[in-house]
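> Sequence:
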Amino acid sequence: MGVLALVAFLVTLAGVLVAAGHAGYLAMLTSAAKKRAGGQPAVDFARKRFPIAGVGLGVTLLALLISSGDSTGADIFAMILGGGGGVASLKALQSTQSKFRNGQF
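Residue numbers for the sequence shown follow this note's numbering, so the first one is 10 and each next one is one higher.
Hints in this document: simulated from the structure, not taken from any laboratory.
A couple of the hints might just be wrong.
Heads up, simulated SDA-like pairs for lysine to any residue below, C-alpha to C-alpha not over 20 Å straight-line [unchecked claim]:
1. Lys43 / Phe59
2. Lys43 / Gln106
3. Lys100 / Arg110
4. Lys57 / Val12
5. Lys44 / Gly112
6. Lys43 / Phe109
7. Lys100 / Leu26
8. Lys108 / Val68
9. Lys108 / Leu38
10. Lys100 / Lys43
11. Lys100 / Gly48
12. Lys108 / Met37
13. Lys44 / Leu26
14. Lys108 / Gly30
15. Lys100 / Pro60
16. Lys100 / Ala83
17. Lys57 / Phe86
18. Lys57 / Leu38
19. Lys100 / Asn111
20. Lys57 / Thr39
21. Lys57 / Val68
22. Lys43 / Phe114
23. Lys100 / Ala29
24. Lys57 / Phe109
Computed spacing ranges between beta-carbons, pair by pair [to be verified]:
25. Gly33 / Leu71: 18 to 28 Å
26. Leu15 / Val96: 18 to 28 Å
27. Leu74 / Val96: 15 to 25 Å
In this text, a Cβ means the ideal position worked out from N, Cα and C, and glycines have one as well.
I would like the entire structure built from these sequences, with the hints used as guidance.
Right, dumping it as structure tokens:
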């Protein structure tokens, strides 16, 4: 395992963690909203955002799978894919949080 492979693994792992954090945030939001009497709008809001979180998680998991190969080109592609998926998931998480806090759901 070379240095490039290690960096690719760490970048893609960070992307997976961010994407899983977004999905986990939506799951907790849905769970808490279901327990409240007037929480149905928040549940609907979270359900609309789940496909975004799922795609982000899928892309970063694919990047993690690609980074497990031995090719230098695959490692570079995995870093781009995992880093991009992680950044997109982070932006989506921030957008979800700001819309929920401002009551825009």
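> Against this structure, judge whether each hint is valid.
Status of the hints after comparison with the structure:
1. Proposed proximity of Lys43 and Phe59 is supported: the alpha carbons are some 16 Å apart, at most 20 Å.
2. Proposed proximity of Lys43 and Gln106 is supported: the alpha carbons are some 18 Å apart, at most 20 Å.
3. Restraint check for Lys100 and Arg110: satisfied, since their Cα atoms lie roughly 15 Å apart, inside the 20 Å limit.
4. Proposed proximity of Lys57 and Val12 is contradicted: the alpha carbons are some 40 Å apart, above 20 Å.
5. Pair hint Lys44 plus Gly112 holds up; C-alpha atoms about 18 Å apart against a cutoff of 20 Å.
6. Under the criterion of a C-alpha separation no larger than 20 Å, the hint pairing Lys43 with Phe109 is consistent with the structure, at around 15 Å.
7. In summary, the hint linking Lys100 to Leu26 is supported, as the alpha carbons are separated by about 14 Å, within the 20 Å threshold.
8. Taking the CA atoms of Lys108 and Val68, the gap is about 24 Å. The hint is violated against a cut of 20 Å.
9. For the hint pairing Lys108 with Leu38, the CA-to-CA distance comes to about 13 Å; that is within 20 Å, so the pair holds.
10. Restraint check: the Cα-Cα separation between Lys100 and Lys43 comes to about 25 Å, which exceeds 20 Å; the hinted pair is violated.
11. Pair hint Lys100 plus Gly48 does not hold up; C-alpha atoms about 25 Å apart against a cutoff of 20 Å.
12. For the given pair, Lys108 sits about 16 Å from Met37 by alpha-carbon distance, which is consistent with the 20 Å threshold.
13. Only pairs whose Cα atoms come within 20 Å are accepted, and Lys44 paired with Leu26 is rejected, the gap being roughly 27 Å.
14. For the hint linking Lys108 to Gly30, the alpha-carbon distance of about 17 Å falls within 20 Å, and the restraint holds.
15. A hinted pair counts as satisfied when its Cα atoms are at most 20 Å apart, and Lys100 with Pro60 qualifies at roughly 15 Å.
16. Taking the CA atoms of Lys100 and Ala83, the gap is near 25 Å; set against the 20 Å cutoff, the hint is violated.
17. Between the alpha carbons of Lys57 and Phe86 the distance comes to roughly 30 Å, so the proposed pair goes past 20 Å and is violated.
18. A distance of roughly 12 Å separates the Cα atoms of Lys57 and Leu38; the hinted pair therefore holds under the 20 Å criterion.
19. Taking the CA atoms of Lys100 and Asn111, the gap is near 16 Å; set against the 20 Å cutoff, the hint holds.
20. A threshold of 20 Å between alpha carbons decides the hint, and for Lys57 with Thr39 the separation of about 11 Å falls inside it, so the pair holds.
21. With a C-alpha separation of about 19 Å, the suggested pairing of Lys57 with Val68 holds against the 20 Å cut-off.
22. Our distance criterion of 20 Å between C-alpha atoms is met by Lys43 and Phe114, whose separation comes to about 15 Å.
23. At most 20 Å may separate the alpha-carbon atoms for a hinted pair to count; Lys100 and Ala29 meet this at roughly 13 Å.
24. With a C-alpha separation of about 12 Å, the suggested pairing of Lys57 with Phe109 holds against the 20 Å cut-off.
25. Checked against the hint of 18 to 28 Å, the C-beta distance between Gly33 and Leu71 comes to roughly 19 Å, which is consistent with it.
26. In this structure, Leu15 and Val96 meet the distance hint of 18 to 28 Å, their C-beta atoms being roughly 20 Å apart.
27. Taken as a hint, the range 15 to 25 Å holds for the pair Leu74 and Val96, whose Cβ atoms sit roughly 19 Å apart.
In this structure, the hints that do not hold are numbers 4, 8, 10, 11, 13, 16, 17, in rising order.
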